[in-house]
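**Q** Let the hints inform the model, and build the full structure from the sequences given.
Just so you know, the sequences run in chain order A and B. Take 60 as the starting number for the first sequence in my numbering and just add one per residue. Take 53 as the starting number for the second sequence in my numbering and just add one per residue.
Note that these hints are calculated values from the structure, not bench results.
Restricting the straight-line Cα-Cα distance to at most 25 Å, the calculated cross-link-like pairs of lysine to aspartate or glutamate (DMTMM-like) are:
hint, chain 1, residue 1, chain 2, residue 2
1, B, K209, A, E344
2, B, K85, A, E344
3, B, K329, A, E288
4, A, K89, A, D217
5, A, K117, B, E64
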Amino acid sequence: MSLWVIDKQAMAPFVAKLMDDYRVVGPLAKGSQFAFDEVEDPADLRLDYNTSILPPKKYFQPPEERLMTFRRNGGTTVQPIVEAEPTVILGIHTCDLHAMRVLDEAFTQGYPDAHYTRRRRQAMVVSVECLEPCMEHSFCKSMGTLTADDGYDLHLTDLGAAYAVDVGSDEGKALLERFAEARPAAEADMQQLNKVLGAKWPRFPYKLETEVDELPALMSQSYESPVWEELAEICLACGQCTIVCPTCFCFDVYDEVDLSLQDGERRRRWDSCQLDLFATVAGGENFRESQAARLRHRFMRKGRYLRKKYDALGCVGCGRCARSCPVDISPVNVFNELHQVRA
Amino acid sequence: MIESVVDVAQEESVYLPQMAQLLKIEQMTELEKVFTLQLPGGRSLGNDPGQFVEVSLFGIGEAPISVSSSPSRSNGTFELCVRRVGDLTNALHGLEPGDVVGVRGPFGHGFPIEKMRGRDMLFAAGGLGLAPLRSLINQVVDERGAFGRVIVLYGTKHPSEILFKEDLKAWEERDDVEFHMTVDRGDEDWTGNVGVITTLFPEIAINPRNTIAATCGPPIMYRFVLMEMQSKGIPETQIYLSLERRMKCGVGKCGHCQIDQFYCCQDGPVFTYAQIKGLEEAL
Numbered sequence: 060m061s062l063w064v065i066d067k068q069a070m071a072p073f074v075a076k077l078m079d080d081y082r083v084v085g086p087l088a089k090g091s092q093f094a095f096d097e098v099e100d101p102a103d104l105r106l107d108y109n110t111s112i113l114p115p116k117k118y119f120q121p122p123e124e125r126l127m128t129f130r131r132n133g134g135t136t137v138q139p140i141v142e143a144e145p146t147v148i149l150g151i152h153t154c155d156l157h158a159m160r161v162l163d164e165a166f167t168q169g170y171p172d173a174h175y176t177r178r179r180r181q182a183m184v185v186s187v188e189c190l191e192p193c194m195e196h197s198f199c200k201s202m203g204t205l206t207a208d209d210g211y212d213l214h215l216t217d218l219g220a221a222y223a224v225d226v227g228s229d230e231g232k233a234l235l236e237r238f239a240e241a242r243p244a245a246e247a248d249m250q251q252l253n254k255v256l257g258a259k260w261p262r263f264p265y266k267l268e269t270e271v272d273e274l275p276a277l278m279s280q281s282y283e284s285p286v287w288e289e290l291a292e293i294c295l296a297c298g299q300c301t302i303v304c305p306t307c308f309c310f311d312v313y314d315e316v317d318l319s320l321q322d323g324e325r326r327r328r329w330d331s332c333q334l335d336l337f338a339t340v341a342g343g344e345n346f347r348e349s350q351a352a353r354l355r356h357r358f359m360r361k362g363r364y365l366r367k368k369y370d371a372l373g374c375v376g377c378g379r380c381a382r383s384c385p386v387d388i389s390p391v392n393v394f395n396e397l398h399q400v401r402a
Numbered sequence: 053m054i055e056s057v058v059d060v061a062q063e064e065s066v067y068l069p070q071m072a073q074l075l076k077i078e079q080m081t082e083l084e085k086v087f088t089l090q091l092p093g094g095r096s097l098g099n100d101p102g103q104f105v106e107v108s109l110f111g112i113g114e115a116p117i118s119v120s121s122s123p124s125r126s127n128g129t130f131e132l133c134v135r136r137v138g139d140l141t142n143a144l145h146g147l148e149p150g151d152v153v154g155v156r157g158p159f160g161h162g163f164p165i166e167k168m169r170g171r172d173m174l175f176a177a178g179g180l181g182l183a184p185l186r187s188l189i190n191q192v193v194d195e196r197g198a199f200g201r202v203i204v205l206y207g208t209k210h211p212s213e214i215l216f217k218e219d220l221k222a223w224e225e226r227d228d229v230e231f232h233m234t235v236d237r238g239d240e241d242w243t244g245n246v247g248v249i250t251t252l253f254p255e256i257a258i259n260p261r262n263t264i265a266a267t268c269g270p271p272i273m274y275r276f277v278l279m280e281m282q283s284k285g286i287p288e289t290q291i292y293l294s295l296e297r298r299m300k301c302g303v304g305k306c307g308h309c310q311i312d313q314f315y316c317c318q319d320g321p322v323f324t325y326a327q328i329k330g331l332e333e334a335l
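**A** Encoded structure:
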């Protein structure tokens, strides 16, 4: 759609105006890292952040949420709860935009999940183009997620003194018209945009030693690979990798009862296929008993299963799992090792 | 600015159960009870044989339970045969007629009865595996004229663990159902077959190309029963089996029941052997 420009000094007033009508969240400094959080002062916003600790999925699928409340005195009454709040999410990187496609598919296919879809519908997505590699673990260029041509309402590219703003939806256009001092991009702005984007690509290395389209086939051929046992030797089964992953969405459902033992809530929280009881049924049978099988399951999901199911790859190369892993298990290294073993 | 939605009709949560009343509870063995349930207004559950429901007890949680009654006998009620084995099922066993439980579903792919009509049917149930298969067997019996031969094989560990005795008797008494059963080990009153379920296979001879097999039982049983079925020449595409997994949400979201790219709760729990035979985690 159309291309606009916002001067950098007009950004703070834009964000401030958004805050009057929306909950506004974005990347903020947190110690030496960055985290998505509610913006209280537009000056705190760090659109130049490298990567966030948790992906923005937490605004669509919170770490914990209520599904319903129940009361049991004199018969059972149940009240479903779908909590959503109009939110503008600022500064989403394109790897996370690609990841959101996986979540969108997962939560809308078959039985739509109203808890997710309502939050998703109420969110405005303002993404930002990455111009510099964020950290050693990321491999977005190899995964085809270093840019995105849809999935956003507005998309920002840092031109130096201003941001170029791609409009990705009618809602984005309305947001821009209503809240921002923006002007249509002129010839000189587009020249600057070409320069910035032209200079960006060579800065990012290719790290995957095979083609991304080859990954599903590589994973099918690697089911019996000794690599899973080798990784299981060092893996601590802590589940951090799945917690920080932008495409992981598995959850557990549980009831919490208050002190009356009558009333309570049914809730859900993020769960991890890396934890030993994840696939265990009530009779005690565990369908993925070894850590090697659980690790393999995770990588198969990333490289193959989700692609078959949702036509989107389960890994976007953001590198968060590798960064948070206490024993340095890195997906790009695993994929490359599988490729080398096969070759 | 939190928008709390209470209007369920507008956007129903797939996790919200209906409240069903327990009409009847029958103690079947030491560990198993059969519960007869009714949905509000006597509404039909609308299940296919082999589908399951999520049973809820608020304050405890939910568990997937296969429906053991047949759509052909629904009468506005449905039956669940439940072994007490975990938190939810133990609590369920403590309930009385008149109590209410939450029910979501039916979910998943059951047995495709439309592909079975006109064929010979071979059923093999092991232990609690009879619970989902009973739904299909009684449906077939009720439409008896639409099927060729009907052979039912049933094995349990011990005579004290025999389920659905009335159904077994009815099948045994019919001339048009070939019923064979065995126990792994008998007791002093037991005069029938002794041995695992595979010992029943040599007694039957079938036309494999015209036979649809349906089996349900513990994982260990599948390995041997599938071998027997294949050794009689039944094609892998004509062998149906129902898998047990931790189907927490029932709607293909939570991830617990995943087997390769399949979600057991949505793609299954009934699969053909051809669908899953290459999958190491399936059996």
